[in-house]
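Listed in order, the protein sequences are those of chains G and P.
Mapping of the first sequence onto the working numbering: residues 1 to 112, in sequence order.
Mapping of the second sequence onto the working numbering: residues 1 to 114, in sequence order.
Treat the hints as calculated values from the structure; they're not laboratory data.
Treat each hint with caution, since some may be false.
In silico SDA-like pairs for lysine to any residue, Cα to Cα no more than 20 Å straight-line [said to hold, decoys possible]: (1) P:Lys69 with P:Gln2; (2) G:Lys9 with P:Tyr39; (3) P:Lys101 with G:Gln57; (4) P:Lys101 with G:Ala52; (5) P:Lys101 with P:Ser3; (6) P:Lys101 with G:Ile54; (7) P:Lys49 with P:Asn24; (8) P:Lys113 with P:Leu18; (9) P:Lys101 with G:Val60; (10) P:Lys101 with G:Glu59; (11) P:Lys49 with P:Ser95; (12) P:Lys49 with P:Ser26; (13) G:Lys9 with P:Gln45; (14) P:Lys101 with G:Asp56; (15) P:Lys49 with P:Asp106; (16) G:Lys9 with P:Pro40; (17) P:Lys101 with G:Arg68; (18) P:Lys49 with G:Glu95.
If you're wondering where the values come from, they're calculated on a predicted model, not measured in any experiment.
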Amino acid sequence: NAGVTQTPKFQVLKTGQSMTLQCAQDMNHEYMSWYRQDPGMGLRLIHYSVGAGITDQGEVPNGYNVSRSTTEDFPLRLLSAAPSQTSVYFCASYETGGNTIYFGEGSWLTVV
Amino acid sequence: AQSVTQLGSHVSVSEGALVLLRCNYSSSVPPYLFWYVQYPNQGLQLLLKYTTGATLVKGINGFEAEFKKSETSFHLTKPSAHMSDAAEYFCAVSSLTNAGKSTFGDGTTLTVKP
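For reference, chain P alone in the conformation it holds in the complex (with noise of 0.2 Å):
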């Protein structure tokens, strides 16, 4: 069994401040663990995405987020947040013998204020 939970369905942040969204996962075998990001009207596109290996993980667009298994955590960060950033982030869990059933989180909306 799996599970995400994404903690905070709204985040404002000013342009230049931090970035942080919090994702929480539940697996029963080593997880799979993924970040996307979604524009109004537009599919998802991958931001970055923690297999096996390094635990910290670097994105596109200067995303980066952590892989804490004793925490079951899997935060995205960015250092400088960017207008552009305004978006819907999901994250989602998968794993090597669940492939074709990603669990994907109720996603967090980030607004980014000039």
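Okay, chain G solo, but in the shape it has when bound (with noise of 0.2 Å):
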């Protein structure tokens, strides 16, 4: 089973440029979320989904886009990298009732 899986695993952006994370769960999961995890501050809620067609944000959406076209997929964009961003993010899927969070290994992103 691939589970959750992201790409790329590294990337270093210049400030003011744009990319997307990319996230794919082969497990038919209805849920699924983006993380940023910073040193001493845990991970950190971006956006999440509970469905095709249905997004939400966390606690800190600012300069991120999601969106969720089908089950399967859950991309992350930046739309003008700022040093701030520089982090390691995380994408999750959870199984139906939220008792469980899968989590993909994780995409390391540097802004300079």
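Put the two chains together into one complex, using the hints given.
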């Protein structure tokens, strides 16, 4: 089982550039989320989705866009990268009922 | 609303000693509680979870946690630490009605001394 797959694993961007972090899951989970992890701050929710066509903001949504056109895919778009967006990004999907989270392996993003 | 507080950002124990990582939560509805472990440069792995039922939950690698509603706590324990337990540990809370919005604590780094 592939589970939750994130790409790319590492990326360096220049300030102002845009990019998309890809996330795909093959478990037919309804719920998917994007988190960012910064030292000493744990994981903070950026955006989440409760099904295809439905997305909502989390704790730190500014500077990011998401869409959910299919159950499998939940891409995260950085519109104009800033150094403050240097972080590790984790995509996650959830079983129905939400009592188990499955994480991707993370995407390390550096904005210079 | 929900929140998690992990007491102690760094915990150091000797190999063979008891491991105790503390987690307190706040939730306006019955909580789902989780502990995750993260090794350097890797993703998060589920150690154990509490949703309903038995309040003492056993997980992988010999870890267990007890849900105490009266204390709003979900502390993680292991009777005897192993060198391979050195990692960062995260406590998280969600609920049936809040499934897409899990809230994580800031993490506790566990160091195991030989």
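(Q) Let me make sure I understand: some of the numbered hints might not hold for this structure. Which ones are they, in numerical order? (A) none
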